[in-house]
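Chains as they are written, first to last, in our numbering: chain A, 1 to 174; chain B, 175 to 341; chain C, 342 to 746.
Be aware that a few hints might be false.
[Claimed, not checked] Simulated pairs of lysine to aspartate or glutamate, DMTMM-like, Cα-Cα distance not exceeding 25 Å: (1) Lys98/A with Asp355/C; (2) Lys345/C with Asp266/B; (3) Lys345/C with Glu105/A; (4) Lys345/C with Glu331/B; (5) Lys253/B with Asp598/C; (6) Lys253/B with Asp697/C; (7) Lys316/B with Asp598/C; (8) Lys253/B with Asp632/C; (9) Lys98/A with Glu331/B; (10) Lys27/A with Asp160/A; (11) Lys316/B with Asp697/C; (12) Lys345/C with Asp160/A; (13) Lys345/C with Asp334/B; (14) Lys451/C with Asp529/C; (15) Lys218/B with Asp588/C; (16) Lys525/C with Glu495/C; (17) Lys587/C with Asp632/C; (18) Lys345/C with Glu323/B; (19) Lys107/A with Glu307/B; (20) Lys172/A with Asp138/A; (21) Lys316/B with Glu408/C.
Please keep in mind that the hints were generated in silico from the structure rather than gathered at the bench.
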Amino acid sequence: MNTVSPTIPIAPAGGTKSAAFEYLTTKKDELCGWARKFSLFPYPFVTACCAMEFMSVSSSPYDTDRFGAALPRFSPRQSDLLMVVGTVTHKQAPILLKVYEQMCEPKWVMAFGVCATSGGFYQNYAAVAGIDRIIPVDVYVPGCPPRPETVIDGIMQLQDKIARQKHAIITKDF
Amino acid sequence: MSAAIFDSIRSQFGSLAADSTVSHGTLVLPIEPDALMGLAQTLKGTFRFDMLLDVTAIDWPARQPRFDVVWHFYSTTHKVRVRVRTQVGESDPMVASLTPLYGSAAFLERECHEMYGIRFTGNKDLRPILLYEGFVGYPLRKDYPKLGEQPLVNYREGFDIADRTGN
Amino acid sequence: MDMKIPNPIRPAFDTPQRDDTVIVNIGPSHPATHGTIQIIAELDGEKILRTDVHCGYLHRGFEKECEDHTWHNLIPYVDRLNYCSALINDFAYCDAVEQLMGVEITPRTKYLRTLLAEYSRLADHLTCIAATLMELGAMTAFLYLVMIRDYIYEHIADLTGARVTYSYGRIGGLARDLPDGWLKRLEDILVQYEEFIGRVHGLMDRNRIFIDRTRDVGVLTTADAIDLGFTGPILRSTGVPRDLRKDTPYLAYAELDFEVPVGIKGDNYDRYYVRMREMDESVHMIRQLIDMLPAGPINVDDRRCTLPPKPLVYNEIESLINHFKLIMDGPRVPAGEIYVAHEGANGELGFFLVSDGTGTPYKVHVRSPSFVHMGGASRMLDGYQLADLIPTFGSINMIGGECDR
Chain A
1 MNTVSPTIPI
11 APAGGTKSAA
21 FEYLTTKKDE
31 LCGWARKFSL
41 FPYPFVTACC
51 AMEFMSVSSS
61 PYDTDRFGAA
71 LPRFSPRQSD
81 LLMVVGTVTH
91 KQAPILLKVY
101 EQMCEPKWVM
111 AFGVCATSGG
121 FYQNYAAVAG
131 IDRIIPVDVY
141 VPGCPPRPET
151 VIDGIMQLQD
161 KIARQKHAII
171 TKDF
Chain B
175 MSAAIFDSIR
185 SQFGSLAADS
195 TVSHGTLVLP
205 IEPDALMGLA
215 QTLKGTFRFD
225 MLLDVTAIDW
235 PARQPRFDVV
245 WHFYSTTHKV
255 RVRVRTQVGE
265 SDPMVASLTP
275 LYGSAAFLER
285 ECHEMYGIRF
295 TGNKDLRPIL
305 LYEGFVGYPL
315 RKDYPKLGEQ
325 PLVNYREGFD
335 IADRTGN
Chain C
342 MDMKIPNPIR
352 PAFDTPQRDD
362 TVIVNIGPSH
372 PATHGTIQII
382 AELDGEKILR
392 TDVHCGYLHR
402 GFEKECEDHT
412 WHNLIPYVDR
422 LNYCSALIND
432 FAYCDAVEQL
442 MGVEITPRTK
452 YLRTLLAEYS
462 RLADHLTCIA
472 ATLMELGAMT
482 AFLYLVMIRD
492 YIYEHIADLT
502 GARVTYSYGR
512 IGGLARDLPD
522 GWLKRLEDIL
532 VQYEEFIGRV
542 HGLMDRNRIF
552 IDRTRDVGVL
562 TTADAIDLGF
572 TGPILRSTGV
582 PRDLRKDTPY
592 LAYAELDFEV
602 PVGIKGDNYD
612 RYYVRMREMD
622 ESVHMIRQLI
632 DMLPAGPINV
642 DDRRCTLPPK
652 PLVYNEIESL
662 INHFKLIMDG
672 PRVPAGEIYV
682 AHEGANGELG
692 FFLVSDGTGT
702 PYKVHVRSPS
712 FVHMGGASRM
722 LDGYQLADLI
732 PTFGSINMIG
742 GECDR
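Isolated chain A (complex conformation) (with noise of 0.2 Å):
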């Protein structure tokens, strides 16, 4: 146990730490998490044909501005969660890449379709067989191309998966 107890509630180097700081912790983790699931910014890395269920996935009337994740920002340095919809090729890996480490955390990566989870059917020389080869991925969305359902069922799992998650604004730690 520590002997100096201080007045603000910053984790000691020794890993143990007070209850009330750990309900301070849970509760700024829990709020982070509730505004970050309902405050989405995609970026919609739109390749190939998934984008067309991503069009009626964003209109009406399965419609994502339900879960706050309605408004895409094109650019990287914007957004938060990078969807990647469609096949990524080995041409268009770099891009990929490049607009990746151009968001800033937290971010969030969502693989939208059969293609980027796997490659999909495209087992040859041009595909990328899934793009976690590149980037980490957060949540898979399968189907060629998925049904809007799916999709809203793997951002509303995306939500929950943000919910639980530790959210580091105060330090680089906690």
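On the provided structure of chain A, position chains B and C as indicated by the hints.
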């Protein structure tokens, strides 16, 4: 009416395209590679074949010469199509470029070049169009493996090119 | 990260012509270039001096895949070429294989394929116009058009099982026949389509801003269009009534009464209006076809390509072997080659098939209209403003799957 125009084309090019046939409604003119430019100029000028539809190649690895290069022309006035084909070998796959006659030849020849390695003399811009800089090989040749990937971006930890097995 | 990310292309020019011009890169991840086109433009202020169009970012190796699958197994790949109007690709490919095999489809299939091809063309033009209008800022028109497109998708899903890419064509016929009530719902959708299109016409046709942004922008002359290989609505917008459905009729088009709309100037406004009129003509054709649809079987009774009926497969050894061979080896197509072109939503969609006599193709080459149009895109972009690139590019209707295959 297409028979009439085909007959007049065949009589015009009697010696150049001796084995011409009509296959599924298209006139097929097999020629020597050198005869291409003259034939195309006559097709465009005299017979009003004003649109070059397509340029592609077929790879027959067991045969000498190895490649068939195939052009499709369309006439918006006569509404018929003509297929011109020639054979080139693997050691020197060169044909004349149709870019002086048809604007559409530029992109079509670039694609045929990068996929099969056919060189089109006279086309100054044969950069890869569907493939990327640094891609080695000609993918649509029969000896190029289907899974022959050449990634531009290094894969993350745990992924390896060698883990792609069959289909 | 200090890993250097390689550049996949080599630009045609990388030094500006003058001191006061600048070279910018547009795409390939860009909302208005429909995802996969990179345009390197040299600008003098806002005016585009020259462009270098790079496609190929969606090259998925369709032709290489074809050499590994049977003629039947290719149908899902063919769908994903022009994915906005997937049924047209299906039917064009199946038509090419059927002609090479010498198989004649049944009358019901002929009319049904024509009807569904026009229905798909409707979906494609809706998507093209919706995307172009949205990029110009007309969100309301986009939402109206996508609403109708969604009805069409759900309706085709009732028939084929999928919303966007269907794999519905079969060599020798179709996958399944129409369910009950499908034609009634079709009538309802066409009525709703007319109401929504009336609204879009009211919003856009005489809209000052729309006219200013699209009239005399991206002008293409007829001579340039034919030289550069343009076909489809773009060629028709220059004033030339060239349409494969009228010039070299296939399927049931010879028996239908329809017009071929043409433009006057070849600019963006004409391309928008030609597509709007083509949609109306498609609806007119669909209505005629609903009345002309004969009863009868969907698949031709030819054991070379059609699977035998299941009761026979389970009871007779010949049908069992026939079924097995068709699935495992594919339908045997006699050696030879053929080029068949249908009028796709973008223009002449051609399939050049080379067969070596087995159930697997030797070569399948697609003459894709979008790819050829990208070759001519520079002619339509040079000399106009940077902001004009958006409507011009949208009106070309470049579909990545078709352009890059």
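*Between lysine 345/C and glutamate 323/B, does the CA-CA distance stay at or below 25 Å?*
holds (20 Å)
*Are lysine 253/B and aspartate 697/C close enough, with their CA atoms no more than 25 Å apart?*
Judged against 25 Å, a Cα distance of about 29 Å means the pair is violated.
_With the threshold set at 25 Å, check whether the alpha-carbon distance from lysine 345/C to glutamate 105/A stays at or below it._
Judged against 25 Å, a Cα distance of about 21 Å means the pair holds.
*Straight-line alpha-carbon gap lysine 345/C to aspartate 160/A, limit 25 Å*: violated (35 Å)
*Satisfaction of hint between aspartate 266/B and lysine 345/C, Cα-Cα up to 25 Å*: Given that 25 Å is the threshold and the Cα spacing comes to 37 Å, the pair is violated.
*For the pair supplied as a hint, lysine 587/C and aspartate 632/C, is the alpha-carbon distance within the 25 Å limit?*
holds (21 Å)
_Hinted pair lysine 451/C and aspartate 529/C, Cα distance within 25 Å_ = holds (23 Å)
*Does the structure keep lysine 345/C and glutamate 331/B at a Cα separation of 25 Å or less?*
holds (17 Å)
*Given the proposed pairing of lysine 316/B with aspartate 697/C, does the C-alpha separation stay at or below 25 Å?*
Holds. Lysine 316/B to aspartate 697/C sits at ~14 Å (cutoff 25 Å).
*Keeping to a limit of 25 Å between CA atoms, is the pair of lysine 316/B and glutamate 408/C held or broken?*
holds (9 Å)
_Satisfaction of hint between glutamate 307/B and lysine 107/A, Cα-Cα up to 25 Å_ = violated (31 Å)
*Is lysine 98/A within 25 Å of glutamate 331/B, Cα to Cα?*
holds (18 Å)
Comparing the model with each numbered hint stated earlier shows that hints 2, 6, 7, 8, 12, 19 do not hold.
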